[in-house]
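Using the hints, position chain B against chain A.
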Amino acid sequence: MASAETANVALRPDELRRIAERLGREPSVVELHAFDAQWSEHCSYKSSRHHLKTLPTDGASVVLGPAEDSGILHLGEHDGERYGIVIAHESHNHPSQVVPFEGAATGIGGIVRDVLCMGAEVIAVADPLRFGRVDDAQSHQRYVAQGAVDGISAYGNAIGVPNIAGDVYFDERFDDNCLVNVVAMGIVKESEIIHSYAPKGAGGWDIVLVGKATDPSGFGGASFSSLTLDAADEASNKGAVQVPDPFLKNVLMRASYRVFGYLRERKLTVGFKDLGAGGIMGCSAEICSAGGYGATIDLDKVNLAIDGLKPEVIAVGETQERLIWVLPPEITADVLRIYNEEFTLPQIAHNARAVVIGTVTDETRYVLRHHGETVMDVEIDFLTGSIRDELPYAQPAPSAAEERPLVTGVQLDELLERVLAHRDVCSREPLYRRYDSVVRGCTVLPRGAADAGVLAPVPGAPLGVALGVAGNPRYAKLDPRLAAEHAVYEAVRRVVAVGARPIGLTDCLNFGNPRKPDHLGEFVASIAGLAQASAAFDAPYVSGNVSLYNESAGGKAIPASPIVACVGAIEDVAHVVTMPLKAAGSVLYYIGRPQNALGGSVLLDVLGRHEAVLPRIDYDFAAAQHALVLNAARANLLRSAHQVGNGGLATALCEMAFPTLRRGRAPIGVQIDEPWQWTHGAVGDLEALFAETGGFVVEIAAADVEAFEGLADDVEGVWEIGVTTDQPVLAIDDEAFDLHRLRDVWSAPLREVYP
Amino acid sequence: MTKKIAVLVFPGTNSEEETLRLLRACGGDAHLVHWSRAALLRDFDAYVLPGGFAYEDRIRAGAIAAHDEMMDYVIEGAQAGKLVYGICNGAQILLEAGLVPGTGEVRRPTAAFTRNGPVPHFVCTHVWMKLAIDPQRSPILRGLERGALVPAWSAHGEGRLAATAEELRALRDGGHVAFVYAHEDGSVDDSAIPNQAALGCAALVNRAGNVLAMMPHPERDGWTFHHPDRRRGNAMLEPSGGAVLFRSFVQAVNA
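Chains as they are written, first to last, in the working numbering: chain A, 1 to 755; chain B, 756 to 1010.
With the rest of the complex left out, here is chain A (with noise of 0.2 Å):
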C-alpha cells in the first residue's frame, strides 16, 4: 500500500480516489508512479484535449491526422510512389529552464523518435525559441539562451539531421520560463508507413525495447511538466530531466532504418512506438491498448545501466534513447541481430541493446512483473483512456477602442537602425550558424536563405518540402486570438514566399496554469484563432503539442504562446525563391496593404509607445495573394521574395538585399518611390514602412513586369513600390540609407549572446 504523498507523486485526491475504487483496492506504489505519469496533463491532455477538439484536422492532403507519435501529409508522387512528410511537434520548456543543453538536447532526441517511428526517415529539425532577457551575461536567461542553442546544435549536428527553420523571441515575460519547441519532418513512402500500434493477430508477439540501458534519469519527468516550476523545486526537478546520448542516437536511427529494409523485404505490418512521457509502461502500455491488446512486460528482463533499481523506476523512468516494437516472434531474433551485432549496440553505449520484455496478451489487462511478483496489474484502458477534466475559463476581455494617431516627428534613419537592431529583428545568423543547416545532401535552402527551409527529401525526385515556423509573443500579450490567426498566418506566408503551397500545419500550445480561469481563456481563445485560419488556408492541423503550466511560483506566466509550423509542398524545385535581392534594374513591388494598426509592432516597441490594435486579416484577400506569388513562382517570374513580417517592409528590403553585401559581388540597392503615391495616404509614409501587416516583397525583372501585371490583374493590394539598383543604398524618396552600415547594426546584436 502507498500514499501519494510518501509515492512523491502529483495525483490530485479525487483522482486517486478513482483509481483505488475502480481497482477495489489501494494501487501499489508502481501503479501510482503509472498513473501519475498516464494521467498527467502531458500524456493525458486533460484539461485540453476537449477544447482542442474544434481544431480541423482533416483534408486532402492529410495521409493521417493526429492520433499516434506524428502526423502525415501527401508531399506528392514520384516514379509511381506516393510519398509522405512525417511531422511531429513538441516542447521541452521545463527541462530546458532547469538544465539548459541537456533538456533542449533531449527535446530534438525526443521529437526525431516521434517521426523515426512511423518508419521514416528523419529529414530535418526546427527550433522556435522564446527566451527571457539575456542582456546581462550573468544572468540565468543568458545561460538558458546559450544552453539550448548548444544542446540543440550539438545534438541535431550529431545525429545528422539538418535544422532548416526556426525563430527565437526575447521577451522578460518568458525570464522564468523559456520555450524551447521543436519541430521533427520525416520522409516515408505512404505504403510503408509503420504504425505506433499493435497491428491485428499481433496477441502472443514480442514487445521488444531497444536503445539505451535503463537508469534513473528522467524519473518523474511527464509529472514535472505538468506542474509549474519553482525556483525552490529546481534542484530537485534536475532528477526529472533526461541525459541525451546524440552518438547513440545516430547508431539507433540508422540501426533502425536496416530494421525498415528489413521488413520492407518480407511486406511485414509491425508496430513501432517511441519511448517518452511514462517509460516503458506508457510506450508499452499505450501501442497495446491502441490495438486492443494487453501487456504483459517482465521488468527483470530490462538492459539497466546500473543493478538495483526499484521497479517503479524501471517502469516509468523517461531513460532516452529508447523505442518499442511489437513483433511476430518469428522475426525477433533477426531485428536483435540487426541492431545487437550489425549495429554494436552494446558497444556503443554501456549495455545498450535490443531485448524482449514481455508478450502482447489478448486479455486486455496491463500487467508488470519484478523479481517473480506481479507489481502492476490494472485495465490496459483504464491506464490509457482519455480522462477529462473540464476547467472553468474566462474570455480575455477584448481591447478597447483607442486613439491611434500617425506617427510623426520622428527622423526616418534613427529609427531604421533602431528598428534593424531590435532583439526580435536582427540576425540570427549567429545563433543558426551553430546548425548544421545542410547535412543530409538534401538542403536546397538552408536556415537564413528565405523565409522557409526547403528540401528535396526525395533523392532523384524534383519534389521540394518547405517548412516555416510562427508565433509572436508581442502580439499574444495583446490579444490571444489575433495572435493565433497571425501564427497561422505567418507560418503559412513563410512558405508561400518560397514558392511552396501549403498543405499543413502542426501546433505547440504554449500556455500557463489552466487551473487559472484567465490563463485557460487564453487557451481556449487562441484555439479559436487557430481555428479559424487554419480552415480559411485549408491547411490542417495533424501534429501538435500542448504544453500548460508554464508559470513561475509567483505566478509569472508566459504569455500566450501558440507556435505555428507549416509544411509546403514544391513540386519542382527548379520554382524555388530565394529572397536575396538577384540584379540592378529589377522592379519591386509590395503585396499587401498597410493598416493604421500598429498595435504589438516593433516600431511602437523602439518609440516606447502602447497600442492594443493588432493588424487584422482579410483572409479572402490573403489567399488571393498567395495564389498569386504561386502561380508567379511557378512561372519563374520572381526573382527574389520574401514576407513581411517583424519590422514590416523597410525591414524585409533590407534583408533582401544585406546578402548582395558580399565580398566578390556587386551589390545591389534599392531605390523606393514616395509611399503615399501606393499608399494613397491611407497611412502615413511611417505606417506604410513599418507596419506589420503581412504581405510580400517580389522582385521581378524589367522583362517580366508584363507577364506579372497579367497575373496580378485581378488581385487586390499589388504595388510597385520602386526598383532594385547597382549602389549599395537604401533609397526612400530622396533619403538614402548606406546599407552597408544599416547591415553592420542589424548583424551585430546576437553576436554578443552567440559568439
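For the record, the hints were derived by calculation from the structure and aren't laboratory data.
Ideal Cβ placement from N, Cα and C applies to all residues, glycine included.
Partner residues are not named here, just some residues of chain B that face chain A (Cβ under 8 Å, in silico):
(1) Asn769
(2) Glu772
(3) Glu773
(4) Val874
(5) Val878
(6) Cys879
(7) Asp940
From the structure, some residues in chain B lie toward chain A, with a derived Cβ separation under 10 Å:
(8) Val764
(9) Thr768
(10) Glu771
(11) Leu777
(12) Arg813
(13) Phe877
(14) Ala947
Computed footprint of chain B on chain A; a stretch qualifies when at least three of its residues, placed anywhere within it, have a C-beta under 8 Å from a C-beta of chain B:
(15) 343 to 353
(16) 435 to 442
What follows is chain B alone, placed relative to chain A:
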C-alpha cells in the same frame, strides 16, 4: 574494369548517404561498409571517409576512429598506393591516423584539425576553396583546373589546422596544402577563413599525393539544386559545383 570504392561508416558517421550518392552520380562504383564488417575493406580499391562525429569526437575529433579496425585496412591500402579521400570528420581521422601529411609514423599525428578559433564553436557556413597546388601533384586532383575555385559547406567545431611552426613550414614548403579558403571571387585573406586554420588551410594532401584530407563538404554543394546561382539553365538534379572533386576522384580511381 570499374574499381570499387568503399564509403566507410564508423559509429557516429552522419554523411555517408549523400557522399555515396554523389560518388555514384559521378560514375563511382561505391558501397557503404560498416564498422562491424571491417574485413570487407580489403577487397576495395579506394576509400572515402565521410563526415560525422565518429566515436563522438572523444578526446579529439578522429582520435579514436584512427584506431578502429577499419583504419588498419585503410592504412595498409594507402601505403600500397590506393586512393583515400577524407571529408570533414574523415579528414580529421586521416590526420589522426598519420596518413596526412604522412611524413611521420602511422598513428602518430604531426598535425591536427582541432578546436575552431576564435570561438570554439561548431559553425555551419558556405565557403569557397581554392586549389593551392599543381593539380598534377595528386591523382585525386588531376581533373581540376589550376587554381580551381570549388564551393562547399564548412560545418565543424574542430577544423582549425594546428601544428608546430616547424611542421607548418614543412606542410607549406612540401606542397601539402592542397586547398585554401577563399572568397567567391578567388581572392584570399584571413576573413575568408571560417575557423582560423593555420595557412588558411582547407585541405591537406600527403607526400605521395594519394591521400586527401578536406575539412569542407563539397557534396553538400554538389548538385545544382544546392545552389541558387546555378539553377537557371541547368538541370536541377545534375551534379555540379563541388561535384568536380568527386568526378576527379572517381576518374583517378578508375584510371
